[in-house]
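One-letter residues, chain by chain:
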Amino acid sequence: VARLIRTEKEVEGRFEEVWLVVEEDALEQWPQGPRDVVGRPAARVDGLARARGEALFTADIRLPGMLHAAVLRSPHPRATATRIDLSAALEAPGVRAAIGPGDSPALTAEPGYEGQPVAAVCADTLEAARAAIALIDVEWNVLEPLLDPDEAVARGSLFDTRHSDRGDVERGLAEADVVVEATYRTQVVLHNSMETHQSVCRWVGGELEVHISTQYVWGVRNELARGLGMDPDRIRVVCEYMGGGFGSKNGPDDHTFVGAELARRSGRPVRTALTRGEEHVAAGNRAATIQRLVAGARSDGTLTALRGEFVNAVGAAGWNTFTEGPMQTLYACPNVRTTTHGARLNLPPMKAFRAPGFVEGTFGLECLLDELAARLDLDPLELRRRNHADVEPVEGRSYSGKNLLECYRRAEPHWGRRHEVRARSTATVKRGVGMASQVWWGGGGPPSYAWVRVGSDGHVTVVTATQDVGTGTKTALSQIAAEELRLPLEHVTFAVGDTSRGPYSTLSAGSSTLPSMGPAVRAAAADARRQILELAAQRYGDDAGELSPGQLEEVLALLGNGQILGTGARGPNPAGMQVLTFGVQVAEVAVDVETGEVTVERVAAIHDVGRVVNPLGASSQVEGGIIQGIGHTLSEERLVDPVTGAILTRSLDAYRMPTIADVPEIVSELVDVPDEHLTNLGSKGIGEPPIIPVAAAIANAIRDATGADVRSLPISRAEMLAALSAARNSRLEEPARA
Amino acid sequence: VKAAIVTPASLEGIPADSVLLAGGTEVVPQLREGLLDADTLVDVSALVPRGIAGTCIGAGTTLAELEASDAVPDALREACRLASSPQLRVMGTVGGNLLQSTRCWYWRLGYDCRLRGGDRCHAREGEHREHAIFANELCASAHPSDVAAALVALGARVRTSRRELAVAELYRLPTAGDPRTVALEPGEVLLELDVKPPDASAYLKAMDRKRFGFPLVGVAAVRRGEAITVALAGVAPVPWLLDGGFDAATPLPGTRWKVAVAEALVARALASIRPA
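Taken in order, these protein sequences are the chains called A and B. Just so you know, the first sequence maps onto residues 1 to 738 in the working numbering. Just so you know, the second sequence maps onto residues 1001 to 1276 in the working numbering.
No lab work stands behind these hints: they were computed from the structure. All values reported here derive from a predicted model rather than from experimental measurement. Beta carbons are placed, not taken as given, at the ideal position from N, Cα and C, and that holds for glycine. There's no promise every hint is true.
[As the list claims (entries may be wrong)] For the chain A half of the interface with chain B, some residues (derived, Cβ under 7 angstroms), not all of them:
| # | residue |
| --- | --- |
| 1 | S635 |
| 2 | D641 |
| 3 | P642 |
| 4 | V643 |
| 5 | D662 |
| 6 | L721 |
[To be verified] The list that follows gives simulated cross-link-like pairs (lysine to aspartate or glutamate, EDC-like), each with its CA atoms no further than 16 angstroms apart:
| # | chain 1 | residue 1 | chain 2 | residue 2 |
| --- | --- | --- | --- | --- |
| 7 | B | K1002 | A | D662 |
| 8 | B | K1210 | A | E127 |
| 9 | B | K1002 | A | D653 |
| 10 | B | K1196 | B | D1070 |
| 11 | B | K1210 | A | D662 |
| 12 | B | K1196 | B | D1074 |
| 13 | B | K1210 | A | D653 |
| 14 | B | K1002 | B | D1043 |
| 15 | B | K1002 | B | E1033 |
| 16 | B | K1210 | A | E665 |
| 17 | B | K1196 | B | D1247 |
Chain B extracted, bound-state conformation (with noise of 0.2 angstroms):
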């Protein structure tokens, strides 16, 4: 694979339908793997703001750096902790990690599937027993972001070179006739994110091997006051924010497993955030 790189002055301009590449964690395997297709790579990573200042999270930020960080939350600081491997959390940005696609094994070998608006989802029919257990009705897929569920928690708001948005809301359901995940708009890019501090966060992972793994399940509780937000890693196609408990799921054959996990990690994170 042979792409040009550029690197603009400045994000106005950026013609809309780049590649912008950053830490080049996710973009660099996909271009290989032949699942993303560019002759030119855009390089932002000059452009996006990097570091903390306050509540402010600059989208360039690595992993590393949030994982070091006193002034991030616990639930965002163990997301990132927990994620991949020392090696690419050092490289691998924030705002990237919110972007990246699903793990789903028919998607990563190119699968002609409803995610890619094919009229299958070969996962629900086939081997899918790590997909989602919530709106899995189209696409089973599955959110591979620890930091999206954490961020999705801590109620975030990112701001883009367009507008300013909840981390929530960054986040589509892929529908028959649209089956993007994400609802930025053609050469939108992430600036910068806003963390309230909570009172007290928690991350939890599930994965199948102790490090270096994708969640089979991820939960991030986070309480301010009387408030408790819970949002899941690795349980829908989008990060999920959950509403009520788990009486709405809809695991499939091979996945009934990972709502006992979630039912365990939910009750022990809650746990670990409770008024002293």
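Next up, chain A with everything else stripped away, as it sits in the complex (with noise of 0.2 angstroms):
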């Protein structure tokens, strides 16, 4: 039965109060354990296809009369085009249509960044747009660009500035044993997908057809139908395979609303891709933060007081993350005050990035955790138990469900390496291992809608128009429909990615789509055997107990060509509770203290998602978010001329992912205890936590090695060898100050 709340809704951090229509979620949670499906490991229900090159990728689409599109991106990070003449570009052979500022909500005659689109051709050929695009003639009045995130702090070029205040942090500080006061720094790191941001668009009548990469078809829909005044049902979005997103694809973005206007235009389907240069100014990424943190404790390590001051360096368009949120919510200390201002700059827009905010925010705090438990001369783990929070501590409500001192205790044989660990140090090179906790949310939510169509063959096929984002959602779900259904998973066939076929779906951000489809989908199929049972007990009679295999193959077979067609939704979250994700994760490293080399040897990562459908699954993303974590904390980063503003590293040269030979032993273990007030299912997101803690983790761990204190990302060896000769400075220093 349908039903109208009034309810929190949670997207990476950003919360809004909405009606929903929610259906009730009947079905009781299966019992802790694996099951027949779910709970054991799954490879991937589409990897033979996608190894064989059979997946069709939004790369992959090739309309008939396809045409390619090309964008003048601004060659200046602040400019007023004066002049914009497209008349040389529309003459250009091959050339089929050109727009610019005014013809397109995407383009503009005023830039903000370096790389923002101006001006656009669709031509037979990618290369004969190219060659039009040079053709644009503009007059430029070049501006002063405003780079500097505090600058723009004290000139109020400001998205918005959030202040948050709990108890009394002055009084908490007074009360205070021992003060630590440390400034960090995160880097802009870029979201790299295999797969460029690119969509082809088609007009269909006056309907547009889109085939998107992207993490939320129902988003392109509403953006675009808002975009171009039109009606959603006459948008059909298309994502069936997709090459990465990473929190960067969850709109129609402008090449989406450029190719749409070309399409309408030139009357042919326009497709436009970025090339990986454009992908690393015009696609997104992390907001590079300054985080001024204090954290006071008694001598036995219970925090007194907490006190942030961040600056989100957000660029020219975005929103300002909740980088304060570790701060606030991963310790119960009874005095928090945080301020967070989210620069305007000059610099390309940034976007949400695998659990953004938090990634940032987990390195400055729990980096400062270790610097106070320095101090304090207390094992960072014992320091850690002894902040546990209880309940949430912004509001005091009750945990749906958390385990993060299981967690914990599961991490103690991995903490407990660290005496083994350091004594393979040598001279040159010194080893470590530090630690470092996760919060964050990924419990989904409503509304999301499941059908599940059973044939006579036995086959089942889930239709719902959600994406796999590449993170194995189709896989995951095809086990919930088949446990349900008692059926083996080579029965069932899972259709997504298609606006016009399926029913409606949560985006797959913020660690949601699992915990959102997951409980639809066994909703769905516990819909359509009940159908099956009700032809079952007509047939056998009703006292004939539980359906054997044999029965169930043969009521199905009486069905001919009819079908059972089940539905099902998500049900609402636990009124009044917090559902959050929980984890800890322990990194060893070592450090070549001549040449400033730093080697993370080994992490080991306990996570608290809830039931686990998918261990192997599971896995792959704890891997994935691991080794993204190190090339965050390690080598990647986002540079920009200091007096232009102009980007500098737009090719994979000169931006340096982690690649194979960079990654640790990693140890996944996840303490998999479903969630008991969450969903039919008990399962949460594990998108996201994995990447939580890296960071600080292995800059606790060179720490540990080391004594040094890196406070700055990424850890390069410039970083590293300035932070080992501040640290013998200050041992030099530290007699004379006694």
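Relying on the hints, combine the two individually framed chains into one complex.
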């Protein structure tokens, strides 16, 4: 039965109060532990299709008569185009249409970052389109760019500033036996999805068909409808296979608006695909942060105060992420004050990137905690246990499920290795172990729907317009359908990624696909099973007992061309409770103190995300998160010319992602206890949690190994050598001070 | 980018301004990025000697072949092994590797810098954390070839289609009037290297990831009897023969760290080639 509720909806740490139509979630959770299919490792159901190249990604879409678009991007971070002449481009060979500012909401004559779209053309070939772009004549009035986040705060160039106060921080600091204070900095990093941002737009009559590499087919449809002034039902959005997004592909983006307009003008399908170089300037990034943090504690380690002033270097567009989130929510500290500025700069826009804000904020907070532990001469794991939050500290709500103490308990054997690890140090290579905790959302929510179709051959098709962004969504959801229907996994086919063929699903961001869609798929499968059992009762009598596999086959065979259609919806989240994920990671590093080389040798990750549906898929997510986190910690950085604001790292040569040789031994352990208050499944998402504690765990291991405080990412050789030198100098000064 | 590929029967009569193609791992990306302009590429891979015979190495020999050969001195073999990725080493030739351009991001993005005859070094004034610590007054670009540093340290000689010279003499520091870093004449083609075996040699390299990175600092050290030669990659606009110590270094504010790394790697390389 559908019902209307007023509830809080969270995506990537942003909350809004909304009215939601929800259906009751009447199913009991399965008992804890592996079942026939759910809870057992399953290879990707589409793995062979991907390996054989049969899977069609947006990059593979070639529609009849398709044209190629190229985009003229601003060469200046801040400028005004006083004249834009498209005529030479329009007359160039093969060109079918050209547009400029005013022709599409995505084009501007007043760019606010280098790379912002100004004009676009479509032509028979990509070469012709690119050649035509060079013929567009623009007269620029170049303006001074604003590049420094602190200066933006001083000048009031801000998206917004958030203040939060809990308890009395001044009193908390006065009560502290020890106060530590430090400034942490994190850099801009790029998502670098294997498939660049791209779409193919085609008009069919008055309807728009969009093939797009996206994390949210419904969001693309709704945003295009708003931007183009269209009825959403006249837009169809398709994404069957998707080559990565990490938060950067939640909407249609400029390239799709450009493609839609060029397709309308030319009357032909238009493909608009970013090159790798364009991807590095105009596809979004994780914003840089500056975090000025203070912590006070009693000598027994009890936190008395936390204070943070955060600057998010948002860029020309984007939002002020919840970088203060870990400081506010990870520990039971009575006095917490945070201020968070979102700086507006003439730099490319930020976009959500795998746990936005929390990756950055956890680096600062969890390094600060270890600096505190060192001052108190306390074991860092013990310090974290002593400040465990038994209830959610911001509003005092209870947790729907929290097993962080169990994560700590399971971390002990890994943490206990540190004496042996340190003992393997040499004169030049110092080894150490560090840890960091993790808190994040990941509970998903309504609305999300699924349909389950069962045919007489005993094969099942699950239909839902969600998308598999490469995380194994199709596989895990197929496992849930197979489990509920008591059928083998091979009997389940999963159809995704088409707004005209399946019901609404949430976006694949915020670690929400499985916890949102899983319960809906189970409900739909249960609805189908109920109908099958009703038929069986009529065939075998009400008291026939449990249906045998043979009877199931026989009943379904009776259907002939008939089909059973089950429908299901995601029920509401538990009222008044906080649904969160938790975890801890323990990293082992080796630091060459002469050359500044840092090697991550081992990372043990223990996370609490409720019931694990596919242990194999989940460990893949943990490994991917840690590897991406190692890039963030050690080698990746988007570089900008400090004077002009021009982007310098526009290739995978200049921008350094980790290689397989940088990957350490990864031990992935999941607590795997269903969240008893959360849906018929008890599962939360695992996409984001594993990247959150990586940087802090590595930095803390470096401190353990060398005594050096690294407070700025990435920990390049220059950064590492500077930190070592600072540590040496402070050790030299110490006796004088005493 | 479209360019015709021609495969002439001999090196005679190739137009002097031709863009030569061997492995293509440097020429093709430069064409694609618009840094090189050519309607025609001259494929010389069948005309340049390939393979190792005694102390003689064909300029068309791939890095993968050198890396796998016991006949090659340690410093050169190790420089090949630590260069680039396995896929690129299978394609890239030693001759092409010696002639590759800098990875300076300003140069690679087409800035009109001193290396292109312009009047500014954007790196000196801007982002230069990976740039040169020697001979960087005019242009702060860093030479990216591990192999070149190894060959310079080994005192290797090169035979071209016109003459024979030391590998070190292939290179010249850019000057205000002439920004070239390679002293080849138009139409001159590298053919063969002669690498006399040393008593001991080593190559050590600092990257900012474990593999598939150009040298932040590369150190080649070679010993013949009592005589030691050290050459560095990634520290100057050309492969750098270390004559004396690092007192002559002129690091920029963002490249001081390189001096410490280079000193440490030189000390380790020397220790590893010391007589037993």
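Quick check on the hint: P642/A CB to chain B CB, less than 7 angstroms? holds (6 angstroms)
Min Cβ distance, L721/A to chain B: is it shorter than 7 angstroms? Since chain B brings a Cβ to about 5 angstroms from L721/A, closer than 7 angstroms, the hint holds.
Should the interface hint for S635/A be scored as holding, given a Cβ-Cβ cut-off of 7 angstroms against chain B? Result: holds, 5 angstroms to nearest chain B Cβ.
When you check the alpha-carbon spacing of K1002/B and D1043/B, does it fall within 16 angstroms? holds (15 angstroms)
K1002/B and D653/A were given as a pair; does the straight-line alpha-carbon distance stay at or below 16 angstroms? The hint is violated at about 23 angstroms.
For the pair supplied as a hint, K1196/B and D1070/B, confirm whether the alpha-carbon distance does not exceed 16 angstroms. This hinted pair holds, its Cα atoms lying about 14 angstroms apart.
Does K1002/B pair with E1033/B here, judged by a C-alpha cut-off of 16 angstroms? OK: K1002/B and E1033/B at ~12 angstroms, within 16 angstroms.
Pair hint outcome, K1210/B versus D653/A [Cα-Cα no greater than 16 angstroms]: holds (14 angstroms)
Restraint status (C-alpha distance of K1210/B to E665/A at most 16 angstroms): Holds - the C-alpha atoms of E665/A and K1210/B are around 15 angstroms apart, at most 16 angstroms.
Does D641/A pass the interface check with chain B, least Cβ-Cβ distance below 7 angstroms? holds (5 angstroms)
Is the interface hint for V643/A satisfied, with its Cβ closer than 7 angstroms to some Cβ of chain B? Since chain B brings a Cβ to about 6 angstroms from V643/A, closer than 7 angstroms, the hint holds.
Does the structure keep K1210/B and D662/A at a Cα separation of 16 angstroms or less? holds (6 angstroms)
The structure fails hints 7, 8, 9 and 17 (numbered hints given earlier, in ascending order).
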